[in-house]
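Visitor: What follows is the residue order along each chain.
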Amino acid sequence: MPPRFFLASPWVRAASPWVYFTRPFQNWIETDGFAGNIRLDGNSPPTYLFMDMIDSLSPDDSGSAPALEPMAMVALDAGRMLMEAGANANSIDEIVTKVARGLGADRVDLRIGYASLAITIGIGANGITRMREVGHLGVNQRLDQELWHLAARVSRGELNVDQTRAELTRLAAKTPRHSAWVMAVAVGLACAAFGRLLKVDWAGTGPVFLAAGIGQFARRELLGRHTNVFVCAAFVAFLSSLLGGLGAHLLHSETVTVAMIASILLLVPGIPCVNAQSDILDGHPTLGSARAVTVAVLLIFVAAGLWLAQVVVERTVGI
Amino acid sequence: MDLTYLFHPEPAHPLFFFLHQIICGAVAAMGFGVLFNISFRSLPWCALTGGLALAVRSYCLSYLGWNLEGSSFAAALIVSSAVVVLRTHVKVSQNALDVVGCIPMVPGKFAAQAILGMFALTSTDPDHATETLTVAVQYTLRVMFTIGAIGTGLAIPALMRRVRVSR
Chain F
1 MPPRFFLASP
11 WVRAASPWVY
21 FTRPFQNWIE
31 TDGFAGNIRL
41 DGNSPPTYLF
51 MDMIDSLSPD
61 DSGSAPALEP
71 MAMVALDAGR
81 MLMEAGANAN
91 SIDEIVTKVA
101 RGLGADRVDL
111 RIGYASLAIT
121 IGIGANGITR
131 MREVGHLGVN
141 QRLDQELWHL
151 AARVSRGELN
161 VDQTRAELTR
171 LAAKTPRHSA
181 WVMAVAVGLA
191 CAAFGRLLKV
201 DWAGTGPVFL
211 AAGIGQFARR
221 ELLGRHTNVF
231 VCAAFVAFLS
241 SLLGGLGAHL
251 LHSETVTVAM
261 IASILLLVPG
271 IPCVNAQSDI
281 LDGHPTLGSA
291 RAVTVAVLLI
301 FVAAGLWLAQ
311 VVVERTVGI
Chain X
1001 MDLTYLFHPE
1011 PAHPLFFFLH
1021 QIICGAVAAM
1031 GFGVLFNISF
1041 RSLPWCALTG
1051 GLALAVRSYC
1061 LSYLGWNLEG
1071 SSFAAALIVS
1081 SAVVVLRTHV
1091 KVSQNALDVV
1101 GCIPMVPGKF
1111 AAQAILGMFA
1121 LTSTDPDHAT
1131 ETLTVAVQYT
1141 LRVMFTIGAI
1151 GTGLAIPALM
1161 RRVRVSR
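For the record, the sequence lines run as chains F and X. With my numbering applied, the first sequence covers 1 to 319. With my numbering applied, the second sequence covers 1001 to 1167.
Chain F with its partners taken away, still in its complex shape:
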């Protein structure tokens, strides 16, 4: 009697006529019950291993298929991080597919929602469907780039599931961000330049710079404390436009109203707005419309903050 590992090796199984005889029936045996249950051993009577137990499977136990569960979760995590870094549906689809196929999946199907991702991956006759929640959709280009590099490495077969997971964890923790000061100065400069494009006079440009910088500080602080995004936007709009308007008035600017508007342009949701359109054009109308509605509601909150600041400025300095 040859040793068990020899009988279990794929070549021996492929060479055995028994496999060809039973293959037509395997399809219904393996998809019997609900999809995702993995049969332990191809030759014994069907023994199902239910989903909760899949974590404890080592790849050898599930016959020829490596464990699908960790593969699906790692691919979903890559997609989730990319989505939270501000990617559009097409990129997420591409990355998740690359990662899952690189880790060994034969079939990958992804559903991208606004707040969740669902994936079905399969190897041979086995397949599972898993879902993962997506958090706040921000913008982080460096993380986006790192994820593309990682996906390229995975698709070349350089990393296995555990290494990919470790790499994702490292990226989530270690990808550098610009410091709060750099961001405040950059956003201040951007809004001041934006103000010049909207024909704010030079006296109003300095206050716009300061107000937008302070607004960016406040936004970072509030979002760090997990304040609701919409409330945060309304507050920052109020603060920045109030400071911008009062400052421009004090410096005798003739374009106080436009200076107030320029101070809140840091809140323009540019990436979600363009993603909404590109998602609809790429055939993801549900995600695209969800993004568009979010953008519209965000703009209403920003306008509410601006309106309140205008009322305050009118009452205090009477413009």
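No lab work stands behind these hints: they were computed from the structure. Possibly wrong hints are sitting among the right ones.
[Said to hold, decoys possible] Here are the simulated distance ranges between beta carbons:
#1 Thr-316/F / Asn-1067/X: 30 to 40 angstroms
#2 Ala-1129/X / Gly-283/F: 36 to 46 angstroms
#3 Ser-1123/X / Gly-283/F: 40 to 50 angstroms
#4 Tyr-1063/X / Glu-133/F: 21 to 31 angstroms
#5 Arg-170/F / Leu-1086/X: 21 to 31 angstroms
#6 Phe-1119/X / Trp-202/F: 22 to 32 angstroms
#7 Pro-1014/X / Val-317/F: 46 to 56 angstroms
The beta-carbon is built from N, C-alpha and C at its ideal position, and this holds for glycine as well.
Based on the hints, put chain X in the right spot on chain F.
Guide: Showing chain X alone in chain F's frame:
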């Protein structure tokens, strides 16, 4: 030498006005690039796209006499095509570079005035209700058309390049 004309809201010399628009577009694009966490090494590319966008838009607006929507469309189309051409050299996703370049063209003033006009209409006794409504609707439409034009201009080159692979 009298330099006061440089600080006039509407710069007198057309060339100076043109340069002013380009520099402001570049600075705004770089600022938003930092906000999007683009690395310092890639920021010059952001400045380039922002400057290019504003150059094209200003040229179409002032020299060709186009309206804002058409000019924004042309600028977005050219920026997006440039980004497609440059994509192998720049370590930033194409999507982000497009957006960063086009953000300085977002009609923020119109958007704010449109929404504030709507707010003004809902007060109990609005003055000049018809005029306020007309102006607010005009602004709203201009904002929608301009943003739509920018979005379409950005999407076209990327869509043309992409081949959808069925799995």
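Visitor: It remains to establish, for every hint, whether it holds in the given structure.
Guide: Here's how the hints hold up against the structure:
1. Thr-316/F / Asn-1067/X: 30 to 40 angstroms: holds (38 angstroms)
2. Ala-1129/X / Gly-283/F: 36 to 46 angstroms: At roughly 43 angstroms between Cβ atoms, Gly-283/F and Ala-1129/X fall inside 36 to 46 angstroms, so the hint holds.
3. Ser-1123/X / Gly-283/F: 40 to 50 angstroms: Holds, at about 43 angstroms.
4. Tyr-1063/X / Glu-133/F: 21 to 31 angstroms: violated (51 angstroms)
5. Arg-170/F / Leu-1086/X: 21 to 31 angstroms: At roughly 29 angstroms between Cβ atoms, Leu-1086/X and Arg-170/F fall inside 21 to 31 angstroms, so the hint holds.
6. Phe-1119/X / Trp-202/F: 22 to 32 angstroms: Taking Cβ atoms as reference, Phe-1119/X and Trp-202/F lie about 30 angstroms apart, which means the hint holds.
7. Pro-1014/X / Val-317/F: 46 to 56 angstroms: violated (36 angstroms)
Taken one by one, the earlier hints fail for this structure at numbers 4 and 7, listed in ascending order.
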